[in-house]
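Asker: Following the hints, complete the assembly by docking chain B onto the known chain A.
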Amino acid sequence: MTAAAQATEASGRKTALCLLRDMLLCRRFEEKCAEEYSTGRIRGFLHLYIGEEAVAVGAMRALAEGDAVFATYRDHAHALLQGVSAGAIMAEMFGKREGCSHGRGGSMHLFSREHNFFGGNAIVAGALPLAVGYALATKLKNRRDVTACFFGEGAIAEGEFHESLNLAALWQLPVLFICENNLYAMGTVLERSESQIDLCAKASSYRIKSTCVDGMDVMAVVDAATEAVQLIRETGAPFFIECQTYRFRAHSMFDPELYRDPEEVKQWKLRDPIPGFLSKAVTAGQLLTTDLELLEKEVAGIVQEAVAFAERGTLEPVEDLLRHVYSERAILQSVGGGK
Amino acid sequence: MKEITYREACHDAVRSALMADERVFLIGEDVGSYGGCYAVSRGLLSEFGPQRVRDAPLSESAFVGAAIGAAMAGMRPIVELMTVNFSLLALDQIVNNAATLLHMSGGQINVPLVIRMATGAGRQLAAQHSHSWEGWYAHIPGLKIVTPSTVDDARWMLHAALADPDPVLIFEHVNLYNEKGALNESLTAVPLTGAAIRRPGNDLSIITYGACVNKALRAATELAEKISCEVIDLRSLRPLDEATILASVRKTSRALIVDEGWRSGGIGAEISARLMEQAFYDLDVPVARVCGAEVPIPYPKHLEDASIPQVTSIKKAAETLVGSHE
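Taken in order, these protein sequences are the chains called A and B. Heads up, the first sequence is in the working numbering, so the first residue is 3 and it goes up one at a time. Heads up, the second sequence is in the working numbering, so the first residue is 131 and it goes up one at a time.
Chain A on its own, in the form it takes in the complex (with noise of 0.2 angstroms):
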């Protein structure tokens, strides 16, 4: 074997590992979750991205550092892959200062200006034009940065996405928009909400570029997303990635799952990616099946330790409620107490 196979095969065999990790991270994290909730120490909404890992994993390998994120509410994965830690996370989600929002945004509202990501938007296409503004300020500051942009299929409908789609075809803004398009919006299917069902058409109709992928094979995902960021680096031009995956759990935690067949449930966790891209990563000799046992080990210890994080973490005093309505130091401002 050459040097340069060898080298290549690494970095197979690395890529391959992390993808594996990073799915596991947010499957493990998220299934916490879930009993955590029934345990009463997360309350609110709690959406889970469980069965749609390679959409995130896939999409998040492509990006580099100085490019920004922004979410919807289902956004425990995406804040996890941008670097946000497991413990802030949960922290937020049991309502404790130190979490990522300090407790006041809860599972639906993660951010951290720190790592870039702005979100955890609860409100279906909402984001959508606040990642068109980031990526329009990069672009006067004469950054190659890229602003990527997740969100359901759900938002398709709202006018917001149209007209954010127009806007950064107009002005050329560097934006990734990923479309998770899990088929439901909340208990809704596609072709009931959607005259048109191709919704790469759609992204056509405003002359963005646009590619339609399995998102249950992390390795599509990861490819159609580094062909994406790098067109978006060179010209400058937004991109429409559409990944199509399934959740494999209740919309949220009060959703009685009445709108679904649990055949078809059944059918897709058949797809489901981490197992779907294990065997796969062990056929093509990039992973040994003992390497599995490893990664889950870690991602246990990253999340026991999160929990621990959590419930060490504090409560805001109530005194503090009116906290965070204006920044600070335009109240310290107002009343001639420094900067």
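Worth flagging that the hints you see were computed from the coordinates, not collected in a lab. Using N, Cα and C, we set each Cβ at its ideal position, and we do this for glycine too. Among the hints, erroneous ones may be present.
[As the list claims (entries may be wrong)] Chain B is nowhere near these chain A residues, computed Cβ spacing over 10 angstroms in every case:
| # | residue |
| --- | --- |
| 1 | Q198 |
| 2 | C202 |
| 3 | S206 |
| 4 | D225 |
| 5 | Q246 |
| 6 | L260 |
| 7 | L296 |
[Unchecked claim] Chain B regions said to be covered by chain A (calculated; three or more residues, Cβ under 8 angstroms):
| # | region |
| --- | --- |
| 8 | 198 to 204 |
| 9 | 234 to 244 |
[Claimed, not checked] The calculated DMTMM-like cross-link candidates involving lysine to aspartate or glutamate, where the alpha carbons are at most 25 angstroms apart (straight line), are:
| # | chain 1 | residue 1 | chain 2 | residue 2 |
| --- | --- | --- | --- | --- |
| 10 | A | K141 | B | E159 |
| 11 | A | K204 | A | D216 |
| 12 | A | K141 | B | D185 |
| 13 | A | K143 | B | E177 |
| 14 | A | K141 | B | D160 |
| 15 | A | K204 | B | D222 |
| 16 | B | K381 | B | E449 |
| 17 | B | K381 | B | E407 |
| 18 | A | K143 | B | E152 |
Answerer: Below, chain B without anything else, positioned relative to chain A:
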């Protein structure tokens, strides 16, 4: 002192902001080639170019949201919305994002955004171009709501708004654009918030803002021989300058609130409630209000005039209030 129109003051404010700070850009419908629907930005496109004076398509939600996103990334956008009525198409972005992001993120993500919009009736533009919803926006924590009524404030409040780390909505009354005023050329800044006493008096406090300030001042002048009216220009509806309002009412013992917005649930109702809470025993007579009539603004001149506060209705209310005690 230099005599200029309110429009010129707004124009000069935007122009000097664009000159002073590279992060500032103007975005909105027809702000570029057309020159702004109230001609505030005329000439700015050729001076600053299309990157900084950015014509937007008729997508209020997206371009307001884009301005929020750009502000999150460190820019200082000035959004122009043609009228307050069109701002409703961007309400999701203004309320769910601009006003909320700082709090939802635990103080991390501030939104240094300025939105300017035309408000108010008086040009026979009927029921979809004439409303006064600044009081309604003042309901929302996270926003600051300001209402310049003088050329000095039109000239300098924008700068104070741009220096603020949080979203500021500036309401420019459509009837003020052509009004001339004496610009104090020695001014280089005004505070963003805090009320101003535009005319001192002893018998009655008239508490108002925006285009009604001039009407209240005219009413006060005409009443001067009988009643000494103090005219308070609120300047900011959120935050409200309670200290100035209370000090005035404690002095005059009578309060008349003049608000072009609808009476029910309006900013006038809020001020009245605060006076009840904090100045009840200082009042000689109950608080009175002259507000917009509870009707969508009608087209014909005589009905439009009748639907908003006028000098005559302010005078009448003032006389009733003072007379009721004497």
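Asker: Each hint needs a verdict: does it hold in this structure or not?
Answerer: Status of each hint after checking the structure:
1. Q198: Holds, because the least Cβ-Cβ distance between Q198/A and chain B comes to about 20 angstroms, which exceeds 10 angstroms.
2. C202: At roughly 20 angstroms from the nearest Cβ of chain B, C202/A sits farther out than 10 angstroms, so the non-interface label holds.
3. S206: Correct as stated: the minimum Cβ-Cβ distance to chain B is 19 angstroms, above 10 angstroms.
4. D225: 28 angstroms, holds
5. Q246: Its Cβ never comes within 10 angstroms of chain B, the nearest being 26 angstroms, so this holds.
6. L260: Fine: 29 angstroms to the nearest Cβ keeps L260/A off the interface.
7. L296: The claim stands: L296/A keeps its Cβ more than 10 angstroms from every Cβ of chain B (closest is about 35 angstroms).
8. 198 to 204: holds (count 7)
9. 234 to 244: holds (count 7)
10. K141/A x E159/B: The hint holds at about 21 angstroms.
11. K204/A x D216/A: Holds - the C-alpha atoms of D216/A and K204/A are around 18 angstroms apart, at most 25 angstroms.
12. K141/A x D185/B: 17 angstroms, holds
13. K143/A x E177/B: 20 angstroms, holds
14. K141/A x D160/B: 22 angstroms, holds
15. K204/A x D222/B: 23 angstroms, holds
16. K381/B x E449/B: Status holds; Cα separation ~18 angstroms.
17. K381/B x E407/B: 17 angstroms, holds
18. K143/A x E152/B: Holds, at roughly 10 angstroms.
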